[in-house]
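Enquirer: Each chain is listed here by its residues.
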Amino acid sequence: MPKRHSNPESKAANKALLRERELLHLAAIVESSDDAIIGKDLEGSITSWNKGAERLYGYTAAEVIGTPISILSPPERPDEVPLIMQKLRRGERVDHFQTERIAKDGRRFPISLTISPVYDGSGTIIGASTIARDISLQKAAEEAVRRSEKLAVTGRLAATIAHEINNPLEAVTNLIYLAAAELSPDSPARAYLEAADAELARVVEIARQTLGFHRDSAAPCVIVLSQLLEDVLMLYERKLHSRRIIVERRYDVPGEITGMPGEIRQVMANLISNAFDAMPGGGKLCLHVYPGRDGDRRRGVRVSIADEGTGIPGAVRARLFEPFFTTKQDVGTGLGLWIARGILQKHHGSIRVYSSIRPPRTGTVFSLFFPSAAADSRTTAA
Amino acid sequence: MFAVFSGVGFASRGESGKGMPFSGRPQDRTGAKITGQRVLVIDDESLVADTVADILNRHGYQAVAVYTGKEALEQARHACPDIVLCDVIMPEVSGVEAAIALHQLCPAARIILFSGQAGSAALLERARAQGHDFEMLAKPVHPRDLLHRLAPKQ
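Residue numbers (the numbering used here), protein chains in the order written: chain A, 1 to 382; chain B, 383 to 536.
No lab work stands behind these hints: they were computed from the structure.
For each residue, glycine too, the CB sits at the ideal point set by N, CA and C.
Heads up, a few of these hints could be off.
[What the hints assert, rightly or not] Coverage of chain B stretches by chain A, computed from C-beta distances (three or more under 8 Å per stretch; other residues unrestricted):
#: 1; segment: 442-448
#: 2; segment: 521-533
[As the list claims (entries may be wrong)] Calculated Cβ distances over 10 Å to all of chain B for the following chain A residues:
#: 3; residue: Glu9
#: 4; residue: Asp120
#: 5; residue: Pro188
All chains should be modelled from the sequences, with the hints used to inform the complete structure.
Expert: This is the structure:
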């Protein structure tokens, strides 16, 4: 520390020293920050580029200093940078602006930018400072929440529809019955009404299966898997015909297990529906219910659902049960198989996929295992 | 528009009963001797209550349709029904509450809860826990199945 601080010249020198230390300190903070901090001049040329920016974009400081900042922008948004510069020249800040940027390797990623004008000593704007943050994870999390909310809403919607639809279905069933009873047995109108009654019974069954699944009974009960598979197939009757899909059933045993019927039905419907989609030109769907053991030698029932589609390549197969993983463009949430696996686990069972993509024998088999009721001491039979 | 359906008897048409879906029991007066049981049908959806009552009347029951729990209790005070078919979800007096009140009023009555909601099983459990042995029928039920369910157990 200087000994003579009453001297105005040394006071000024001290001040300059402190100021320099302060600036070096600030510079060090910027340099070591995890966030990308980028400085640019009023023309939009990059003037500073910290380590965070190098990590985020892949360019070194030497590569980008002096180049226009627009090299980082996606080509289809040419106006973004000029608009931002306009705002900055007016002295306005840009706060948490979400957009996309392109890294050195061409990879595109979502980003959040906070851009502030930079002033010189006299208060003139000389450039701007950008703090950029990669928000890919945040975006993925938001998407996941949105999807699960969508599912929840769909579930609630299904509950509402199920409730609302049952009264009119009851009324119409009764009215058709009463109308037919008014007619003599050989009247043609009576035959029409009988046909209407049969179709309505189908509607009732579809509603029961598709809208009621989310409201399982509180306790597990006995399920006959072969019967459950038949129930699900009935839902797809028309589709089977139009898609020229032949169903081969091999019910070696009825397949009695204990569990939640709605959930098991959901799994089977999902797998059977996937099998259909795998065979757009038609083919054979094979359902096999047979006694078997799992890896731990527990006794139980095995169900296999096999299609003759093109098969699933190994890379896709490895990710099949991941949440949000889907190969279908618009249809589906990518959650079906993940949920199916969860349901099987809940029932102390398992689900596996086997597939062949090599002609002539291509296709996929989903193999499920359910421990039999006697072996499973955790649940109580109805 | 459906006033004609409310509880009035129909002229019999002598059905042949050849195994077609609508072949029921003979609809003449002998039907009344076979069953003749008094049924109280309670549903706030008047169309459902009326059509159920009509179907039952066609098959020899004496069914009356009411649309509220209050009306049901009034009817029961006049004469106890043999069977009560009661919708679970209703405004004001809920179906289960009405059923419990009816059970207390007419302990010999067979009470069946009629529900359009799959989640009603929980309600049934609670009523059972309170000592009320109610049955449950899920809407929509085909007339054929309803009649089968109501038929006296021999």
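Enquirer: Taking beta carbons only, do three or more residues of the segment 442-448 of chain B come closer than 8 Å to chain A?
Expert: violated (count 0)
Enquirer: For glutamate 9 (chain A), is the shortest CB-to-CB distance to chain B above 10 Å, so the non-interface label stands?
Expert: holds (87 Å)
Enquirer: Proline 188 (chain A): least C-beta distance to chain B exceeds 10 Å?
Expert: At roughly 14 Å from the nearest Cβ of chain B, proline 188 (chain A) sits farther out than 10 Å, so the non-interface label holds.
Enquirer: Count the residues of the segment 521-533 of chain B with a beta-carbon closer than 8 Å to any beta-carbon of chain A: does the count reach three?
Expert: As far as the segment 521-533 of chain B goes, the hint holds, because 5 residues have Cβ atoms under 8 Å from chain A.
Enquirer: Does aspartate 120 (chain A) sit more than 10 Å from chain B, CB to CB?
Expert: holds (70 Å)
Figure legend: structure checked against the earlier numbered hints; the only hint not met is number 1.
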